[in-house]
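Here the protein sequences line up with chains A and B, keeping their order.
All residue numbers for the first sequence refer to the numbering used here, where the first residue is 95 and numbers rise by one.
All residue numbers for the second sequence refer to the numbering used here, where the first residue is -7 and numbers rise by one.
Among the hints, a few may not be true.
[To be verified] Once the Cα atoms are required to be at most 25 Å apart in a straight line, the calculated SDA-like pairs of lysine to any residue come out as:
hint : chain 1 : residue 1 : chain 2 : residue 2
1    : A       : K145      : B       : A321
2    : B       : K292      : A       : C119
3    : A       : K145      : B       : L239
4    : A       : K145      : B       : L33
5    : A       : K291      : A       : S175
6    : A       : K145      : A       : K363
7    : B       : K292      : A       : R108
8    : A       : K680      : A       : L587
9    : A       : K145      : B       : A316
10   : A       : K145      : B       : H3
11   : B       : K292      : A       : A527
12   : B       : K197      : A       : G186
13   : B       : K197      : A       : V188
14   : B       : K292      : A       : R109
15   : A       : K363      : A       : V313
16   : A       : K145      : B       : Y238
17   : A       : K145      : B       : L246
18   : A       : K363      : A       : Q497
19   : A       : K145      : B       : V233
20   : A       : K145      : B       : L24
21   : A       : K145      : B       : G269
22   : A       : K145      : B       : L97
23   : A       : K145      : B       : A45
24   : B       : K197      : A       : Q497
25   : B       : K292      : A       : S175
26   : A       : K145      : B       : H240
27   : A       : K145      : B       : Q200
28   : B       : K292      : A       : D395
29   : B       : K197      : A       : L617
30   : A       : K517      : A       : E502
31   : A       : K145      : B       : T254
32   : A       : K145      : B       : Q30
33   : A       : K145      : B       : I344
34   : A       : K363      : A       : T157
35   : A       : K498      : A       : L587
36   : A       : K212      : A       : L228
37   : A       : K145      : B       : F53
[To be verified] Calculated Cβ distances over 12 Å to all of chain B for the following chain A residues:
hint : residue
38   : D138
39   : T213
40   : F376
Since the hints were made in silico from the structure, they are not lab data.
Keep in mind that this is a model prediction, so the values were computed, not measured.
Glycine included, C-beta positions come from ideal geometry on N, C-alpha and C.
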Amino acid sequence: MVALGQREVPSGLRRRLTIAVGLACLGFLILLARLWNLQILHGDEAFESSKRNRIRLQRAQATRGRVLDRYGRTLIDSRPSFNAILVPEDAGDVELTIENLAHFLEQSTAEVHSLLEKTAKRSPFAEIVVQRDLSFEKVVALETHQLDLPGVSVQITPRRSYPYGPELGHILGYVGEANPTDLEADPHYRMGDLIGKAGLEKYLENTLRGVHGGQQIEVDAVGRRLRVLHEVPEVPGNIVRLTIDLDLQQAASSALGARDGAVVAVDLKTGGVLAFVNYPTFDPNIFARGITHDQWEELVDDPHHPLTNRALQGQYPPGSAFKMVVAAAALEEGIINPFTRLYCPGGLQFGNHYFRCWEHRGHGSVNLLQALERSCDVFFYQVSQRLGIDAIARYARAFGLGQKTGLEFGHERTGTIPDTEWKMTHLKEAWYAGETLSAAIGQGYVTATPLQMANMVGAVATGKRMRPHFVFRTETPAGEVIEGEQVEEIGTLALRQTTLNQVRDGLRAVVNGPHGTGSRARLPDVNVAGKTLTSQVVKLKKQRQPIGQIPWKFRDHAGFVAYAPIEDPEIAIAVIVEHAEAGGGKIAAPVAHDVLEAYFRFKKERQNSTYAEVRSAADLAL
Amino acid sequence: MLKFDRRLISHFDWPLLFATLLLVACGLATVLSATHSQDVLVSRLLIRQATWAGVGLVAMFLALSFDYHWLERYGYFIYAVALVLLVLTALIGTSGGGAQRWLSLGPIAVQPSELAKIPILVAVGCYLHRMVGDRRLTIGELIVPLLLIAVPILLILRQPDLGTAISVCGLTGVMLLVAGLPTRLVAGVALAAALTGPYFWTHLKPYQQERVLTFLDPQRDPLGSGYHIIQSKIAIGSGMVAGKGYLHGTQNQLNFLPEQHTDFIFSVFAEEWGFAGAVVLISLYFLLLMRCFIVAVRAKDAFGLLLACGLTAMIFFQALINMAMAMGALPVVGITLPFFSYGGSSLLACMIAVGLLMNVSMRRFTF
């Protein structure tokens, strides 16, 4: 038997026990209230949260449309590339994962951390692209070490590539990751999306980007895909063909060579840009890969300014090429006729300043044709005095100078066509008659972009101006044409036919005459007309540049504008070589020659069988 | 000595048994849900838990087979054995999850801290039942019970296992409360707690501090320790009225719930069975509590009452804290849900507790 004394239960114990159990009951009631609150009152929100937890939208990025040249050669391609993706929420021990990831990607952990900070505002579970376009070795490394890299995955995305590298860099532009401003501006974009940042990539964004698709996928807590709940297929972007002829583009590039400058060639029938060369230029591929800080600094700090789109934004004094405008004005205003002869002694005293002709020995007595052929400055000094700056400016504007050419994109500059009013508004000064003399030979305040110069000479050739453009046509990925070339005439020169013919004769003489300054642009079987230009930069530079600049900076720009064939003009061209070692005739005319020669050679080749096949094949594919 | 008495059968507490078995069965079903995967319905963990349930059943019947007054005699001895086990755990225990809590006995591992709760409350009961009377306890009479729990609590905290230490404090507190605490003392302790709190705070492990801070502000670090509370609340809340269906709780199945088969098993249940199911579960616990209360109140002697009281306190202190924690109403501490949470030692301890309660119940008329 149990021998221990068993004590009766004191009554207080039972009372207090009841109180304790009562407290426990209260506890149960509180739990029920809490459950009611969580499940009934706030159940919907929690249900939504649980759905958000497990369902993620994974976007299927639409393949960005390709950009081709006129004949179907790929200028911008989209090829698959592998990106390293991190979802920190899935990473478990984020620090450790980042360390491992940085190791496999051969990056510093600090870089990954700064990336995380930059993307701190992203929505939970949004993917962060840590590195783009991984090498095959890195993809293998990430895939094999998946266990050490929770939350890290390899994503296949189409990547932009620019097969011809720096060729057309300024025009093609580049893509970059959408920044917060882009994301706010257009709900179409998500973090990590590529968006056109410059050039045609930016201008044609809506055409090229396509429509992103997506999948609703169910994931578990470590982000593993379990199944696809819903899928919206992506629609690839459209294909854009440019008016650019890659052959001609490359010919023009090599003709210019490694000299700072620009070459623009325009189709006179349509205004389509056939070649558009800037030197120096940049390789958009480095942007597609994700430009590093050093690469960017290098581009920005380069004294030759490779990021500047010279052909579109470079404002050069048109120099002697401007004489065609003054000539047209003088003829049209009846100040001279083809037989008017003016005497050039090698310079002209005007007020207390002696205006030199480039030919110090003088041209003697010259008519308009000779003055253009030999580029006599004194002839135009004299003509300009009678014309006045305002008349010159009026005609210059009719030739498209001093205003945008109407190119569909790009930060085009207008150049300057000064007149009395312009000077009053901009410099708050009256116009000096002497300044008219400088303007007459395309110096002083007069500036124009290479594209404007090509347009100007084109206007002489055809009597009208077409809107320059790059888009030849837009096609669906299947090759169906959505929109053809937008040809638009934006102005006709209200000049008498005789006036135009007389100016044209002068330009023909520049290339083909016995004393022509542009004889180096002559072609054996095609009639070329053109005008040399050599423009001073010293005065301008002295004002802008601090002393201690290299002498190269002070050299004159050499240029040449031309069109051909004279009988039925097809192509206009402008060449500018900055700080050349000689004048336009020696330096720029040969460049124009090479481009024109190439243009007509390619044209001939395309008419024979091989090219016809290539072209028809490309056309058939449409 | 152990003469069979018919009255033992007639006084067998069937509702207590059924409520317990029902809870264990529900618990196993929920562990299945929490541990199964697409490939394996019956996980290794579930089999192990079911085995422990079987062992627990045997232990439960062993626990009711002898007269509980034996515990009065051998209480301190059992207590000493428990202490030895705790010391052994500290010396040769195996670690897991940052804590040295397990003692390996061949293929099985037990958690002495879970099992020690009963010896501790038995020892406290042994001491207290001699002291209780129509008056309240004196402060001097509290020294021994406090010492009795202080030693194991220190050993348990060292593992560290804050949850079990709190459980031991809780159940002892309830026993002392029922035995009659001096009013002045209660006030004094409250004051002392306020003064020494900062000291203990600084001695908590960083992850424990983190849990308390996160409780106060769950959004503080949604992917760190706050994650548990947030995901658990989402799981419970998203069950809404009717639940997502058994085996269909997305929070559970997709592993958004942490510790879903141990500390957060209630969330799994509430997600899959909804408010309706959770009310049924809580009612089941309430039923069990009422049966335990009846056992304690009807106990024929002070020791029986205190023993039943301590066992009841052990079960329901844990149940309430665990559920409140899952609902985000209390900080996250590692306290299991009795009969439900995965964990053999915890289940075994609870089933032994029920066995002892039955023991007290059956012998309320014997002398």
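Verification of the supplied hints:
| no. | hint | in the structure |
| --- | --- | --- |
| 1 | A:K145 <-> B:A321 | holds (23 Å) |
| 2 | B:K292 <-> A:C119 | holds (24 Å) |
| 3 | A:K145 <-> B:L239 | holds (16 Å) |
| 4 | A:K145 <-> B:L33 | holds (24 Å) |
| 5 | A:K291 <-> A:S175 | holds (20 Å) |
| 6 | A:K145 <-> A:K363 | violated (60 Å) |
| 7 | B:K292 <-> A:R108 | holds (11 Å) |
| 8 | A:K680 <-> A:L587 | violated (31 Å) |
| 9 | A:K145 <-> B:A316 | holds (24 Å) |
| 10 | A:K145 <-> B:H3 | violated (51 Å) |
| 11 | B:K292 <-> A:A527 | violated (128 Å) |
| 12 | B:K197 <-> A:G186 | holds (20 Å) |
| 13 | B:K197 <-> A:V188 | holds (21 Å) |
| 14 | B:K292 <-> A:R109 | holds (15 Å) |
| 15 | A:K363 <-> A:V313 | violated (59 Å) |
| 16 | A:K145 <-> B:Y238 | holds (17 Å) |
| 17 | A:K145 <-> B:L246 | holds (11 Å) |
| 18 | A:K363 <-> A:Q497 | holds (21 Å) |
| 19 | A:K145 <-> B:V233 | holds (17 Å) |
| 20 | A:K145 <-> B:L24 | holds (23 Å) |
| 21 | A:K145 <-> B:G269 | holds (21 Å) |
| 22 | A:K145 <-> B:L97 | violated (44 Å) |
| 23 | A:K145 <-> B:A45 | violated (35 Å) |
| 24 | B:K197 <-> A:Q497 | violated (74 Å) |
| 25 | B:K292 <-> A:S175 | violated (81 Å) |
| 26 | A:K145 <-> B:H240 | holds (13 Å) |
| 27 | A:K145 <-> B:Q200 | violated (30 Å) |
| 28 | B:K292 <-> A:D395 | violated (96 Å) |
| 29 | B:K197 <-> A:L617 | violated (89 Å) |
| 30 | A:K517 <-> A:E502 | violated (30 Å) |
| 31 | A:K145 <-> B:T254 | holds (24 Å) |
| 32 | A:K145 <-> B:Q30 | holds (20 Å) |
| 33 | A:K145 <-> B:I344 | violated (41 Å) |
| 34 | A:K363 <-> A:T157 | violated (34 Å) |
| 35 | A:K498 <-> A:L587 | holds (17 Å) |
| 36 | A:K212 <-> A:L228 | holds (21 Å) |
| 37 | A:K145 <-> B:F53 | violated (46 Å) |
| 38 | D138 | violated (7 Å) |
| 39 | T213 | holds (15 Å) |
| 40 | F376 | holds (41 Å) |
Hints 6, 8, 10, 11, 15, 22, 23, 24, 25, 27, 28, 29, 30, 33, 34, 37 and 38 from the earlier list are contradicted by this structure; the remaining hints agree with it.
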